[in-house]
Structures are given as C-alpha cells and as structure tokens.
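> Taking the hints into account, I'd like the entire structure generated from these sequences.
Protein chains in written order, with UniProt numbering: chain A, 1 to 202; chain B, 1 to 202.
I should point out that these hints are in silico values taken from the structure, not numbers from a laboratory.
Take these hints with a grain of salt, some might be off.
Which copy is meant is left open, so a pair is good if it fits within one copy or across any two.
To be verified - Below are the DSBU-like pairs computed for lysine-lysine, each with C-alpha atoms no more than 35 Å apart in a straight line:
#1 K78 with K35
#2 K33 with K15
#3 K127 with K78
#4 K11 with K33
#5 K15 with K35
#6 K165 with K127
#7 K165 with K35
#8 K165 with K33
#9 K78 with K165
#10 K38 with K165
#11 K127 with K35
#12 K38 with K11
#13 K15 with K165
#14 K15 with K127
#15 K38 with K15
#16 K38 with K127
#17 K33 with K127
#18 K78 with K11
#19 K33 with K78
#20 K35 with K11
There are 2 protein chains.
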Amino acid sequence: MVGADIEGLIKFFSKMPGLGPRSARRFVLYLLKHKQQKLLPLIDLLAHTAEHVSECTECGNLDTENPCTICSNQRRNKAHLCVVEHVADLWALERSGAFQGIYHVLGGTLSALDGIGPDELRIPYLKQRIQSNQTTELTLALNVTLEGQTTNHYLAAELASPGLKITSIAHGVPLGGELDYLDSGTLITALAARRTLETEES
Amino acid sequence: MVGADIEGLIKFFSKMPGLGPRSARRFVLYLLKHKQQKLLPLIDLLAHTAEHVSECTECGNLDTENPCTICSNQRRNKAHLCVVEHVADLWALERSGAFQGIYHVLGGTLSALDGIGPDELRIPYLKQRIQSNQTTELTLALNVTLEGQTTNHYLAAELASPGLKITSIAHGVPLGGELDYLDSGTLITALAARRTLETEES
Ligand SMILES: [Zn+2]
Ligand SMILES: [Zn+2]
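This is the structure:
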C-alpha cells in the first residue's frame, strides 16, 4: 500500500479524461520528485485559475478574464461571429489560427428527446449579440453529427435576416467527427471552404 | 489565443510524462468545467501532499508520512528487505501485492562512467539497516538492465554474510525491461521464483 494521500492523487488523475492509471502514477511521481520546480508552481497556477475562471458573459468561453481574451482583443473582427457547440470546439478552432472573428458557445445542440430547446442553448442571447455587434457574417461550426446539423438548420432558418450572411464550415470532416478531435489543417480547409447557406431571405 | 493562465496550465500538463497536448487540453477543460467538484478538491489534495511529502528516512519511499506507510505498518515482515532502484519500482511491487516485507530504495545503479559509486546509492545505509533490522532475507529486485545486474552482483558480493539469505527476483522479464512497466502477474511470478544467489559464504 502506497500512502493514502498519494494513492488519492493517483486515483484522482486516473479518472480524468485522457489519462489512465499508468499515466497518473508517472505523473504523480514526477510531481512529488520535483516539488519545488513543478508541484508548487502547479498548485499556484491551479489556485489562481480556480479563483478567476468564469464563463465569458459575452461568448461563453472559459477564461480567467471576463470578457475573455478573445472578446477583449481589439484586433478580432467583431462583425464575424462563429457559433460552436462547446468550449472545446472554440479551442480547436483557435488552434487552427484560421478564424479572426469572435465566438458564441451554444453549450450543446437542440434535442427534443432531452428537452433541450433554444432557451437552453443561449440562442436568445445569440440573437441579441448579432444585433448589438452588427454582425455581418455568422459562421455555423457545429459538429457534423445529426444533432449538430439539426441545430445548424434551425439556426440558419431562425436567424436569417437581410444583411446577415450565414455560412457553415465545409463538411471536410468525416460524418460523426467532432471538431475537438480534428487536426488544425482540416479545420483550416473547412473554414476556408465555408459556404453561404440558402435561406428564405437570400 | 486561449487565455494565458489556461494556456499555461495546458502547456504544463502537456510536458508531463505520460501526457500529450490532447490529454492536457481535455484534462484542463474538465477541471475548469467542474471547479467545485474537481478543481478545488484537487488543489487541496496537491497542497496537502506538497506540504507533507518527504522521502522516508528509512526506505527512501515518497510519502506524506515519515516513516512511510509501509515502514510503519506493523504487519510487514521487517526481516525481509527488498532492494529496488527507484520509488516507481517500489510502487510496482506494491501493486503486485506479492511482497510482505519492507523496501530499500537505492536511488539508481552503480555507474563508473557517471561517477556513481556505493556512497551515492544509500548502500552504506543499506548495510546499517540489514544489521539493525536483523534482516534474514535480502531480495534484490533491480531492473534487468546491464547497470541493474552489475549492481545486483556488487550487492550480492558486498553484503554476503552468515545468516543472511540473498535472493534475486526471477528473470521472468524481458532483457531491458523495467519493473515499472510490468504487469502485476509477471511481478508475482518473478517474486515467487526468486532464487538464492551463490555467494562466497554460501
Ligand atoms: Zn468571450
Ligand atoms: Zn519507508
């Protein structure tokens, strides 16, 4: 039996997404062996982050600043709004470096079965932002799943208005694929090939 | 650009052994999304561990108690001492559940090239412990590498004395294999098949 505290840490990390028991053990042992250079700085960084992290009240991103680093960046194009399901998708698009606008995190997809309607998905606030930001292009970057595409079509129909170009990132990704799992190259291509959706107004 | 603090956390975790950028991102996002249930308890556990962790002055294990959980366990057989290279090896043997004695962590292997002699490896203290614990069996569980086996032979020759049975875990493991990478089953077999080394005294 390894000590209870250390066993607790290993168990904690073992259950995290992307980690297993082996990674967790190696990771914990590494931290314990490098207390000054690794473990203590990590605790400081985690504590600082925990104290300041919040959902950006504008876009829904998670950050230690509010509005988040992206929303408060003057060089981002506020008139180009990209809609994603989850924060992980926003991060994936940011890694691609291909998008210079701002984001709107829905928090999921519409699902009649699960009782998730527009009000559960920050869609009312999306409408507000389109108006207040004077959005000229709305790019839908939902996952290529049945629910994602249903939501895509709902948004395209619901938000259509004169002067608003609604685009969707290209389907360069396999069906069932989720943005968070894609390499940046695929995302760059998909963004570059985005197309205007046919709406009643267009 | 994701926020600087969060980017810092992701970078930190990306560099840890057993983790990569994808695991790190998923892990950080998971922590941020579960601040109360995951992130804050993790910070507490890490801080408590950092405050109390030390090398066991007896065996060299890392624990938040000193002597460690193993050395202070009255049910362990203090007369059976198992020598390992690293704390990770001790943990691997503990996972197998096959060893009921106590340990001695050398901290590495003898290496003339790297200037690592007996005094760098807690070998003098190993001799002391054998005397004070009245050790009756010394099991050498060094890695099956050239350095490990060289150290094995050195220890067998150096520590040989009447009344001390010196055993070595069986070579049921591939050459070049390291204990930390083995499954518990292999370790159980290797321990059960340990053999007495031929020494001058025997
Ligand atoms: Zn934001
Ligand atoms: Zn100990």
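> Next step is simple, just say for each hint if it's right about the structure.
These are the hints, each one checked on the structure:
Within a single copy, K78 and K35 get their C-alpha atoms only as close as 44 Å, which misses the 35 Å cut-off; across copies the closest is 30 Å, which meets it. For the identical chains of this complex, K33 and K15 are neighbours both inside a copy (22 Å) and across copies (15 Å), given an alpha-carbon limit of 35 Å. Proximity of K127 and K78 under a CA criterion of 35 Å is satisfied intra-copy only: 14 Å inside one chain copy versus 72 Å between copies. For the homomeric pair K11 and K33, the shortest alpha-carbon distances inside one copy (18 Å) and between copies (19 Å) are both at most 35 Å.
In this assembly of identical chains, the alpha carbons of K15 and K35 lie at most 35 Å apart whether taken from the same copy (23 Å) or from different copies (16 Å). With identical chains, the CA atoms of K165 and K127 are at most 35 Å apart within one copy only, with a shortest distance of 14 Å there and 80 Å across copies. In this assembly of identical chains, the alpha carbons of K165 and K35 never lie at most 35 Å apart, being 54 Å within a copy and 38 Å across copies at closest. Taking the shortest Cα distances, K165 and K33 sit within 35 Å of each other only across copies (33 Å), while inside one copy they are farther apart (55 Å).
Taking the shortest Cα distances, K78 and K165 sit within 35 Å of each other inside one copy (14 Å), while across copies they are farther apart (77 Å). When the C-alpha separation of K38 and K165 is checked against a cutoff of 35 Å, the pair qualifies neither within a copy, at 48 Å, nor between copies, at 41 Å. In this assembly of identical chains, the alpha carbons of K127 and K35 lie at most 35 Å apart only when taken from different copies (29 Å versus 49 Å within one copy). Proximity of K38 and K11 under a CA criterion of 35 Å is satisfied in both settings, with 20 Å inside one chain copy and 12 Å between copies.
When the C-alpha separation of K15 and K165 is checked against a cutoff of 35 Å, the pair qualifies neither within a copy, at 43 Å, nor between copies, at 42 Å. In this assembly of identical chains, the alpha carbons of K15 and K127 never lie at most 35 Å apart, being 38 Å within a copy and 41 Å across copies at closest. In this assembly of identical chains, K38 and K15 lie within 35 Å of each other by CA distance both inside one copy and across copies; the values are 21 Å within and 11 Å between. Proximity of K38 to K127 under the C-alpha cut-off of 35 Å is restricted to the inter-copy arrangement: shortest distance 33 Å between copies versus 45 Å within a copy.
With identical chains, the CA atoms of K33 and K127 are at most 35 Å apart between copies only, with a shortest distance of 25 Å across copies and 52 Å within one. Within a single copy, K78 and K11 get their C-alpha atoms only as close as 44 Å, which misses the 35 Å cut-off; across copies the closest is 28 Å, which meets it. For a Cα distance limit of 35 Å, the shortest separation of K33 from K78 across copies, 26 Å, qualifies, whereas the shortest one inside one copy, 47 Å, does not. Both within a single protomer and between protomers do K35 and K11 lie at most 35 Å apart by alpha-carbon distance, with minima of 19 Å and 18 Å respectively.
Going through the hint list in order, the structure does not satisfy hints 7, 10, 13, 14.
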